[in-house]
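Undergrad: From first to last, the protein sequence lines stand for chains A and B.
Residues 1 to 246 (the working numbering) make up the first sequence, in order.
Residues 1 to 601 (the working numbering) make up the second sequence, in order.
Check each hint, because a few of them may be wrong.
Keeping only pairs whose Cα atoms sit at most 27 Å apart, straight-line, the calculated DSS-like set for lysine-lysine is [as the list claims (entries may be wrong)]: (1) K592/B <-> K219/A; (2) K219/A <-> K305/B; (3) K198/A <-> K86/B; (4) K300/B <-> K16/A; (5) K52/A <-> K198/A; (6) K16/A <-> K86/B; (7) K44/B <-> K176/A; (8) K219/A <-> K300/B; (9) K223/A <-> K288/B; (10) K198/A <-> K44/B; (11) K64/B <-> K176/A; (12) K50/A <-> K300/B; (13) K300/B <-> K223/A; (14) K223/A <-> K592/B; (15) K430/B <-> K16/A; (16) K72/B <-> K176/A.
Hints are computed from structural coordinates only; laboratory data are not their basis.
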Amino acid sequence: MKILVCISHVPDTTSKINFTDGDTKFDTNGVQFVINPNDEFGLTRAMWFKEKQGASVHVVNVGGPETEPTLRKALAIGADEAIRVNTPATDGYSVAKQLANVVKEGGYDLVIGGRESIDYNGGMVPGMVAKMLDANFVNTCINLEVEGDSATAIREIDGGKETIKTKLPLVVGGQKGLVEESDLRIPNMRGIMQARSKPLHVKEPVDANAETNTNSFEKPAPKGDVKLVDSVDELVNLLHNEAKVI
Amino acid sequence: MSTETINKEILRGGQFLVKETPCEDIFTPEDFSEEQKMMKESVKEFVDREIWPHKERFEAKDYKLTEEVMRKAGELGLLGIAVPEKYDGLGMGFVTTMLVCDYISGATGSIATAFGAHTGIGTMPITLYGTEEQRQKYVPKLATGEWFGAYCLTEPGAGSDANSGKTKAVLSDDGKYYSLSGQKMWISNAGFCDVMIVFARIEDDKNITGFIVENDPENGISMGEEEKKLGIHSSSTRQVFFNETKVPVENMLAGRGEGFKIAMNALNVGRIKLAAACLDAQRRVIWKATEYANDRVQFKTPIAKFGAIKSKLAEMATNVFVGESASYRAAKNIEDRISIRESQGNSHQEAELKGVEEYAIECSILKVAVSEDIQNCSDEGIQIFGGMGFSADTPMEAAWRDARISRIYEGTNEINRMLAVGMLVKKAMKGHVDLLNPAQEVAKELMGIPSFDTPDFSETLSEEKAMVAKLKKVFLMVAGSAVQKFGPDLEQHQQLLLASADILIEIYMAESAILRAEKTSKNNGANAEYQVAMAKLYLYHAVDIVTQKAKEGIVSFAEGDEQKMMLVGLKRFTKYQNMPNVVALRNKIAEKVTAENTYPF
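So that you can see chain B by itself, here it is in the shape it has in the complex (with noise of 0.2 Å):
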């Protein structure tokens, strides 16, 4: 384990909402060990000679390529970095897995979906959840790279709806063995795969049930064709036939009606390292761009030269950094929160399960925000290329259509925002986060008098995290006023539910970055005046982000005084003391990045 201290005080998911965070309680980019490091220049190695100068070939659809890519990833060890070393993998902490996530995945889309459906949804799930022998057959073998995991959930009629799979599972006379049959789809990996994890409906059950299915085309399973798809092109996704499988009873996962829960916690995983892989694809859209950017000479001056290039170069930059700083925050608050588990006695299995789980809520909102980030950034990308963009001997091109699956699979955009603010209530009402009785300290400051102060901000980044405390109450009062309007009805006011996703997205991403640069500031690290400048960018499109979906969530349910008086209450929480310099920050951020000629923070 990587973990060298545990902070017993770490927030439960959730409560970043209501509690300040000091900067120093926070993990960042810049606190990873020597190790770490090593492990991030090896898989950034690793890209650069294996993947990245075949990029065409895995444009082409070539699925060889991929598992090829793939067995060598395994000889590297880059396979079982989570998984414990008693079943040959490297026990690595929960922050390590997300850096190898993050480097691996910034060439091809192709490779960070086989990469991510190999180690997360199709390993992972026996690790956590298999019984020893099941453990001991499969895990070392995957590990590896010997073998190769898929994941079959998705059915033509059972996407969103996980839980209503027509696929069954028959006990066979002699209670030996479940017959499965059924269809699957979109399933990754399964060109190549060795062993999948199958969800199969027993009898009438409520809920579907987890098997462990060894690839045997004798054993009536059929592939269907390649599919068709927009982008991760070398990815292998084809559906797959059951028909009459014979699975041991020995290989059912976890216990009978137990595979919905598997299923939803190993998205949770897949969820956040989902926005991991979505990183370092951002980095090498910015660096190509900025190169070509500096390289390109129009009306005499290189095109990194004008404003609207460096507007375009400063966001991207921006959203990245973003990114990084609340995924890596997240990931160390689920490793010490395993450890903190582990420390109390629960197995590595039960503690890695609740410690994800603990942070579901931050996991949906990293899944949505780095997944649209990618989308952005490659999207600029092209426009800086220009013409040259939309063709496909530059890398833009496969970086866009690579982009568009991350804002689908994992649970789409529109479920995760809608779960990550269902979560948040259910939490809220049983107790974990405590949101009552900040809502009503909230709706209290509505009816009094402002203070008219001029508070003094001339501490770096104070009027910043004045600003996210006060986005905070915008979210306690327009989603503790709608909780008290409709209760359990919420879920049905889907709207609703996706506006005040997105304010709760914001404010999650602008603080992590605000207290990233805070911590370097204050560590004097380099580029500590670059973060400022992005967090105070970021900070700003948030308070607009914020203002408009809470306008929109404000009327949509209340009217007449209590409407005025909190769109009186919003003016107030998103009104800064100093409005930044967009233009110069834009200017500065984008001067540095061309300057390094890639992304530089």
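The following block holds chain A by itself, in its conformation from the complex (with noise of 0.2 Å):
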């Protein structure tokens, strides 16, 4: 089985966002940059296929050559190859096109995707990358085993849980629950040192004009004072006339 596991390049939660050029660009300054952790919960398991059944992993990124340390970070847990397509990723339709090509010229079996990435949260990707390769897709898929040719899934819905048997190719759209946070691997140090000797393969990117543009960012409002009020009426009062909520 060809898997491939999409890894979104994104900051860390716990980094500052700041925006420049008039809040029109985010400013990676200072940032530190991840694996999506969507995505790595998709990778994670990824490996499983790759120790229990054999599988071979290959990794994909849409973006530029900042990039690529967290390539090899996904080398360094375990993937056998990296792709990078040399293109911004500007707009989720444009990345799935790109992604698209890289399935069809690579013949996956199955394309694992974070189902958003924790940056932008357009959640978009996975099921625009099925809908291209005309391949079947799961989302919010927390649980994937797969038999020959035969996969079953299991994805959240609206409180429950539905498990779908389905054939590969098989796009999907990962989260928590594919593997538990606490199954996340730590590159060890022979990884890192191996991860140097694998490929990581530039590719030129194909014609795909984002179809939406990002005119301005707006971080939400800071967070005021705790006021303390003393009667129920001054309460309404604020609730209504300050905080226009009710």
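Dock chain one against chain two, each of which comes alone in its own frame, and use the hints as you go.
TA: The following block contains the structure:
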């Protein structure tokens, strides 16, 4: 089985977020980047398929050279090869198109992405890739087994779980549950050294225009001070006139 | 090997004192390779996941947890970083070894100690001095964490005077084994070790001999109870008793009577690694103290906004910045020296031994400086937390207790201070470092008329570099005259040696910080302006310490006109043209620390 894990290069959740150029650009200065957590659950599940079922695991990212340390980390964790599509990740559609092209050329049986990246939280890429490839698609996937060309996936639905039987080729939008947090792997020293000699292919992008554009960013308003009120009337007044929620 | 370029012109040990180092020649944490950065992140992740959340258990003397964490460290490859690949290690260079040592030590002194005792003094003597058979048999097991090591040197009557141990090794009649009898104490990892490096005396030899001893209770080895200690609560520390323990003759380490040399060389490596092991502990104290200072509101203001707290945070951050600068500078010198020796045909073992020995002075300097920094840092950490800091519920209390041992083990700071100056004087006598000519130059300068030119200090850090050059003159003036006066008897004048050592330490630390900040500035690196501020702040204190210690030294041995002349020289050599605004520097540094809510440099 050939597995492709899509890796987003995202800011660490503890990073301080700032914008430049009149709030139109994300300021990457001093920001620590990591593997998108939803993708990391997928990568760790892929490693399980590699170790138990002999699958080969490739990882892919759409982005500039600055994303390579994130791909190297995936290699250090145990992926066999990495591909970087050499173009900035602008919007979901263009990224999906690049990924679909990588899948077509590489002939992968299973594509695992995160259900959303934790930076822009678009949540559309895995679905779009599936559509472009005409492959089966399971989103918000919390468990995945593969037997021959059949897959059993469990997905999270409102208030419960749904078990789906489907066929490869399959695209999965994964999340926590594919593996647990305690299963996530810290790259060991040998893995880090081996990552140096594993292939990291740089692929030129196919034509894909972005369909959406970010005009500006806005940070949530900072938390105000706590106000203690003495009477219900004053509370109603503040909720109505100041907070404007009632 | 991760050495990419070897700078053949690198300074020899101790030469920093008489030669100027261009900033491009020093390695700084900004120079870590992508691979080293990834290793650092892995170690941090390991600590955050496996150690930090269990701090309470470590404080409650959960020795099993220490063993468990050490085993996991082995799985991650952390125990074999410095071990050659041939023996199932990773064969990484000295800088990477220091990096791992630095970041694994952040969460608790218990793990820092267990890790240091196992990888440093537990494993390394076999890697460096063992025969091929001994290495094949023991090193792979130690490198992977299948077995753990301990180091048995200290005895009830033999501490700083390590060569005076009473443990005996008696050869059997058939010549097949030695029978070891004696008592060892303060043995780290004793409770779970599988193999020990034990030092004992054969007959009436002048020097002790090292042996590799497998831990087998059936073979006359017994342990005392766990010691009740001030800190490092989960580091297993016991007495080890040998009662006619049979050790095959092939387990002798190096030759008969070589033990003292092994012990001393192992300590050189141990010292610089201990400095590294005190760095992340400081970063974590600063991180927690800053978070607290930002959260804690008094007089309707987060206390981080008060000058009293800013001053503390700035000084704490500055010290760890300086400690990093000097530690990695020396580490890269050692790594390069090892590569040079290997390229000259030395075996890896030989090269590593000589490479570290070359910088024994720097190793001692770092051990003293950084172990005292963590003590001050954790102390101020408590102070920032106020009453809460005194409670075991905050991380400051354990950090403070754990820090205390660092000034004692791997040679007390007093011994290391005297060693640093003693070794330098010896190197000068042997002609390895020319102190004589520069000292004479200084003497001439003292007699001459001072220049009244106003130097151009417009370039970043140029005044600071000139000041370091002057502080070097202070050392040459004080130590040079002392050597002239006392000759070999100098070692009897311990207080003078201690004062000289403090001058030496301040010079090395301040210079390393200045060169790092200068390099970052020239490369337009991140935080350059803050690095410059920290280098200036540190130097300001260094000048004060040098002045005070030099005064003490001069007055102790010089009288009359000679004394007067040297005191005038001291004044000249410690004078700023533009006095730094220390309050502004501190505010600048502290405001960055509090804005980032952690140690950000």
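Undergrad: Please go over all the hints and tell whether each is borne out by the structure.
TA: These are the hints, each one checked on the structure:
no. : hint              : verdict
1   : K592/B <-> K219/A : holds (21 Å)
2   : K219/A <-> K305/B : holds (24 Å)
3   : K198/A <-> K86/B  : holds (22 Å)
4   : K300/B <-> K16/A  : holds (25 Å)
5   : K52/A <-> K198/A  : holds (21 Å)
6   : K16/A <-> K86/B   : violated (44 Å)
7   : K44/B <-> K176/A  : holds (22 Å)
8   : K219/A <-> K300/B : holds (26 Å)
9   : K223/A <-> K288/B : holds (22 Å)
10  : K198/A <-> K44/B  : holds (24 Å)
11  : K64/B <-> K176/A  : violated (31 Å)
12  : K50/A <-> K300/B  : violated (57 Å)
13  : K300/B <-> K223/A : holds (16 Å)
14  : K223/A <-> K592/B : holds (22 Å)
15  : K430/B <-> K16/A  : violated (55 Å)
16  : K72/B <-> K176/A  : holds (24 Å)
Violated hints, listed in ascending order, are 6, 11, 12 and 15; each of the other numbered hints is respected by the structure.
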